[in-house]
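Two chains, two frames, a set of hints: combine them into the complex.
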Amino acid sequence: MSGRRNGNGSDKAVIARLEGLGRAVAEAARKGKNPTLEIPIRALSNVKFNDKRSIIELGDETQSRLFLNVAMAKKFMQTMLVAAGCKEFVESGKTTSLRDLFYRLKHTLPGTTENTFDEQEESDPIIEDVEVTLDTLREELHLFASRKGSMVGPITIRDSGDQIDLARMGSGGWAVPSIVEPSVIQFVRHEAKYVLLIEKEAVWVRFNEDKFWKREKCIILQSGGQPPRGVRRLVQRLVNELKLPLFVLVDNDPWGLYIYSVVKQGSINLAYESMRMAVPAARFIGLSTFDREEFKIAKDLTIALDEQDRSRTKQMLDYPWFQKKPWQRELKEMLASGVKMELEALSTKRNISFITEEYLPRKLKEKKWLD
Amino acid sequence: MATKPRSSASGRKAKVRAADQLELPMGRPIAGSKPEASKPPAPKLPAPGAAPKAAPPPPEPVAPAMEAAEAAPEGAPRKGKGGRLDATALGRLQREISVSEFFTKNRHLLGFDNPRKALLTAVKEAVDNSLDACEDAGLLPEIWVEIAQLAEDRFRMAVQDNGPGIVRNQIGNVFGKLLYGSKFHRRRMARGQQGIGISAAGLYAQLTTGKPMRIVTKPAPKKPAHEVVMQIDMRKNAPQIVSDKETEVPWTTGTRVEMELEAKYQRGARSVDEYVAETSIANPHATIHYVAPDGEKREYERTTKELPPSPQEIKPHPRGVELGLLLKMLQSTKSRNVAGFLKAEFSRVSPRVAAELCKLAGVAPETKPRRVTPEESEKLFRAMNSDQVKIMAPAGASVVPIGESLVERSLRARVPAEFYTAVTRSPAVYRGNPFIIEVGLAFGGQLPMDQPIQLYRYANRVPLLYQQSACAITEAVSDVDWKGYGLQQTRGQIPVGPGVLFVHMASVWVPFTSESKEAVAGYPEIEKEIRLGLQEVGRRLQGFVNKRAHIAYEAHRRSLFDRYIPEVASAVASLTKVSKKELAEQLAKIAKKTTAKADEAPVANGRVSAAVRELATKGAPPAEDAKGTKAKGLFGEQA
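Taken in sequence, the protein lines are chains A and B. FYI, my numbering numbers position 202 of the first sequence as 204, with every residue one higher than the one before it. FYI, my numbering numbers position 117 of the second sequence as 275, with every residue one higher than the one before it.
No lab work stands behind these hints, which were simulated from the structure alone. One or more hints might be untrue.
Said to hold, decoys possible - Output of the computed footprint for chain B on chain A, the stretches with three or more beta carbons under 8 Å from beta carbons of chain B:
{"#": "1", "stretch": "26 to 38"}
{"#": "2", "stretch": "76 to 90"}
{"#": "3", "stretch": "114 to 122"}
This structure is a prediction, so every number in the text was calculated from the model and none was measured. Every residue, glycine too, gets a C-beta built ideally from N, C-alpha and C.
Extracted from the complex, chain B is given alone in its bound form (with noise of 0.2 Å):
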């Protein structure tokens, strides 16, 4: 368990900064760019007809937009190589850079940074985009991962998926070009978010060894299949076919990617193992077929067959939106007044509240939202997040969490233990973006005694697996006082006990520290929610602790009394004529019916019984809750 500093506020806002660095150049809707905008500045980069074969525009060319956002700091050089440069030399020397060249330089900002993590990258990647594409189309994900070895630094990925199938003009966007996604421009809740991943990985093995990635896809039953072989033109951010083709598979519908790659395979934490385990428990509609390079197979059977129901798109929520989102969106709202602007661009805003929001900010509803001054909208903007007005929480389809139910189920079926919970937590809104925090535990049985609790982070059910001391979830989970609900902890550290601690953070965009996704970023309102969340586990724990201490005392004595009953008896036969055996016998069953308790389990029925739930939850300390409720409160009626 990696150690850190304990974090203050100031600590946590600097998280929240650099978050916000690494956001920016990517695009998020508040940056730089107007995803919204249909018409953005011609492309200069992706030309038309670069690709040799096939290569559409980009329907929605965000990149070049970003790549400028980006060369301006990357391509102007500070200082000449022997004298100083006027405007004309360094204007010579700006130019632009592509996006694809600038992850080759720093591809450890999408998790390549070593080999045994690039193994897990690129498989990662390949099933998140499985899952979501699975999922889109309204299946139930079936997915093949294998890797195979072969030479000591050399391994063939391939991830195959029953899912909907690429159109084939689509197959070189969509694994050849950074940046180019389906998922980036909704608010809604998706695994993948900007569209790098899976390009980045091939971009990666078309590095280290060379090779082209290869894509079957067949999308229709009744449609051909096709397999392309292709490359990455790393100056042009585009695809490079090398071959097209139609052939024949065995299934009906579904894509399978392969790509050779430098890597390194290693069993244990942070393993492509650990990986697959860990995405089959928070994907319980999943069937996952796993082999390992070593040939070991693994078989991750779905634990139901509902699809999670699909999220919804949302607009943001006017809680912790901030000024400059505001800004932009005035200006580009088609909505003629202020009051209908608040009402149609905002979620939860009826004209009710819409009325409120004006009249506490001061400005006339029929304004015309270009011709709000920058003055006015900043009291919106404080209108917005102020108490006084009450604003229901925001729609809860459009952040989808696993469910208490599944999750627990979930554990249940992937990790032995003795004791299972699960909370889902009513949504909550951090600068405008619904999440919901959900908790899980695993507890007792053959899980380690002495080690630190493990811990399962996730982000809209993709298991994070490096860089979790840097975690919003790992500081929550720190900060609580566990030894309260009879675990052991070190002031500050993550608990030691035999237990599996799940955390999923289910979310229209997820905060990520980088854009590798590896660690959730420290939001106050966040790690607010993910508390309150291990609060009530652990108060569900306590309670299971507290009988299974009690059970294991009266075994205990059971098992002190059994041992005495033999002396006692043969003693009292010596003292007086009776039967040793029968006394025996006699004694025993006294004992027996004293220690009763030890014969109960800990949890009936797999849950846990509804007495000790309802003891767990009575003997809680109500401080948090109570915050926790009035938070609830601002609110007003909840959805």
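So that you can see chain A by itself, here it is in the shape it has in the complex (with noise of 0.2 Å):
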């Protein structure tokens, strides 16, 4: 949608934001009116597939919330102590978490047993509201999320006026931030030819250990599962800045699959941020159903697909970006085989560093990617 901006704004723009969505309560209350705030819908319904950028979008509906009304009341007045909240760190420049966010807007109603906030839960959509009806991320409203995911690699970054060399960080890595805006993080130099983005920390500990990012000159990953936003958005940066293109190893199964997906072209919960998170270039490297035969892994390591797999590799069938040949034929091939396999299965029985010796370097070399 042409309409959003999708980030990038300073503290002092937040800060316009947040006192414009006060003015406007105010502003109603003075006519006599009910306060109404406008709020982009967060569901698959308002959620589109951009061909064009191969990302998706969030659509143009709303809702309305208005605060004279018993079903919304609670929600419009949590919705204004988030905003509120969110004024006060960024305007003494501070970041807090979402669960300290939770804690420092929950009190008790004067004179009630009733909580503005009961958990947080309950506050977690209601700042994910905020920063879609304001048009902000998360991270400019000075908030972040439980951080998750380590990184090494031939590259030296500035991690809040700290200079870091990422060759240089042992057996864990660097442990990516919930925030990697380029206030905090800068990128210094580096010699990487590409980004590995890997599903599992096990697998990524056999890379670092083999030094695989010092043979092939790259920067490897790992998100553990799902990737934060902290991850995706310094893989988008990583992209984006140094034109490095990426490549993702998941393991074969719907929901490696979906993490390729959600890195490629964003997540339908997190819709209204994928211009800030993701990199529709992404290439998925393995694992793909076909390399059971092309690298004879054995039939006994794989596993066979439940009835959840199955109902969701149908699901992905049908989704606009899995609509190219090849990923039909390999969704396709996942179900006729009816088996799964994690990426572990490469690293077993003749050599435990498969992986990173032969499976990785060959499949790059014949360029067995998928787009």
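Okay, structure coming up:
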């Protein structure tokens, strides 16, 4: 959608938008009208796949949140509390976790036993409402989510003013923070030829131990399952700013394929942030169903698809971004084979370093990836 | 709340039969005796002069006839002690039993089964008499009820009224003779019926304490008052005057009855307190001063100064008259032909209706009533109960209801609630007796939420405190689906909710299930009328409940908004430069406007607003109503 600006808000601009929200409510009250917020709908019904940009985007549909409505009054009040809380953090230049914000805003309403918020599950969606209503990112509101993921490679960065050589991070790697905006993280220099995002921490450890990144001159990241916002945003910056190709290595199962899909096009949940997160150029390097034959993976290393896997795969067959022929072939083959494989299936038996020494070099060399 | 199995149609029949059996020996007009006949068999028992002083021969000696009827089953021994008895031996054992003796042995039949109930019954009989007497004399009743505890199980009860008093030579008969009264033979609405009540109370008192009754009565302002102390001669069913003297009293007219009896006083349901309170609701024209045994005084001021119109005596209505009664009436009528008989002996029979009845029955109108054959009388009976002849409903004047507005006003004065309504149905008929059902409801307010609704049952303005579960009123209340009207209810039970339900049956003759007059017998016509009244009240209640729910919802809305307004105001004030106080006030104003309904009273000016009433009646399930209208239509044009 054209009107949405998506991020790039300085603290000043974000504060101005928060103030605008307050002004609108005050204005309505002055005129004797029911204060109302227009909040873009964050649901599958209001999510579109932008073919041109090849990302998932939020549509134009909005829902009205009225203050003087029994069903909405509490959420309206919570929205205003979250907005006021965020403004405080942005103004003071400090960041906080979602949980911390929840605790700061949680209190009992005077003269009642009712709390403004009872659980963090209540405040988290309200925060997303504020993000999407103000067309800002969580990070711009000085909020961070739980942190996950690590990275190593021939690159030197500056993190909050500290220069760090990611080629000298030992076995644990550099922990990717939640907020990786240019104001916090800058890229100083690098020798990398590509970025490799690995779903599993254990597999990433194999790559780090084997110094794959040194040999191949690449940056390797692990996301511990579905990549958190920090990892996705950092990967996008690496790709966009350093013009590096991105390869994604995931399990050969619907879940793994969905991780790739989210990295590439964005998620339905966070569709409003696709512009800031998605890497349409991301390539799927493995594990492909066809690798089983190609790399002679023993049948006993596969796992049968369960009912959930099957229905999930069938759903993905209908996703607009999986309509390309190779993808349809890939998904249908998975269904036909009736099995799934984990990345670990490549490191057993013959050679523990099979994945770093044979599998990935050969796939890259033969350009056996999917777009 | 006593539970009882849901009664089916057969259950109802059984109940009606039971009522008949109990009524018959008591000499209902339809039963054995001929109340109209002025020359009964010579009285054997209450022989003139049996009473020590001035006991005149009973002018209407129904009692002996009754006793004879009773004597047969009671007095005929079926087995001898040793061998068998022949007719002569049996004959020697067969003798008359006095009514007084009979009730000495069967006092439970009159409501004296236990000490607690005895106290209530004694008060009730005295108050009923007082109210009837005042109304007959056209006086606004003022009644004093005083109960004093003399010992653990001994009480003195005194009931006094401002009524017409009793002439001296009748005092003995009124208080000292069972089945003696002015009401039994008249087809006229009254509280008392058989003339048993007060003398039975005196009899009970005498039996339990040995103390005589004391009656002080002043029939006219300028005449002296009489103080009579008397006992009842149980064997003779006759008064036994202990002392009789003129005395000075500070009141103009009225009667005071005092007796000492073995009793028990306990507050709560079915207590004397409850009886007095309920009586005051159904008798808004009466003022009652009550002194409880613990000395607590309660005043029930009258809420209207209008005396209910005096009920007229009426003849039976053709609808629902039983064949037996018809046969007897044919024999005893003075009319010379059947057409004249129908016109003269029944109410609402015009010459045209009489002709139509004869035609339908195939009986020549000029036939002499005594010559009507049993077959013809049966045909006549059918014609009288047939839909093909339209007969007007019985005259309303024979049955005097309390009236919708008075029932409502009365409930309002005595029951603290939020919503009041009342319905007085049009007159209807069962077994030839006209009756009117009235239903009132007080709902909400301080009344207990989670208990069965309180049911106040009345027959001819007399509260019925016992045998709730055996009563047709209770049955009708349990049969109505109250869930549809916004109350909780277990199927077939009395609904649960903060309410007092008032049901009054006014009739020339209320069919009780027993002589202690505690429960109304379940005639289908009566149950139907009660049900229709309850449903009408239910629909009005539904309107109120809906509206109240709406108001409660609006109030909930407002309280919700009011709670959040300070939070929103302070958040907005920290987002942008506005006055938190000013913003909160503005928001509160908007919230008040959008929840304006919360400020409305569910009932405007004490009555359901017209809109609610309209809503309530329009939203009603019309099925029963339609039937009701159709049934009325049988009588053709309404009186």
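* **Cβ contact check, 8 Å cutoff: the stretch 114 to 122 of chain A against chain B, three residues minimum** => n = 3 at 8 Å, threshold three: holds.
* **Assertion that chain B covers the stretch 76 to 90 of chain A - criterion: three or more residues, beta-carbon distance below 8 Å** => Answer holds; 9 residues pass the 8 Å Cβ test.
* Three residues minimum, CB to CB under 8 Å: does the stretch 26 to 38 of chain A make the cut for coverage by chain B? Let me know. => With 8 residues closer than 8 Å to chain B, the stretch 26 to 38 of chain A meets the three-residue bar; holds.
Violated hints for the displayed structure: none, as all numbered hints are satisfied.
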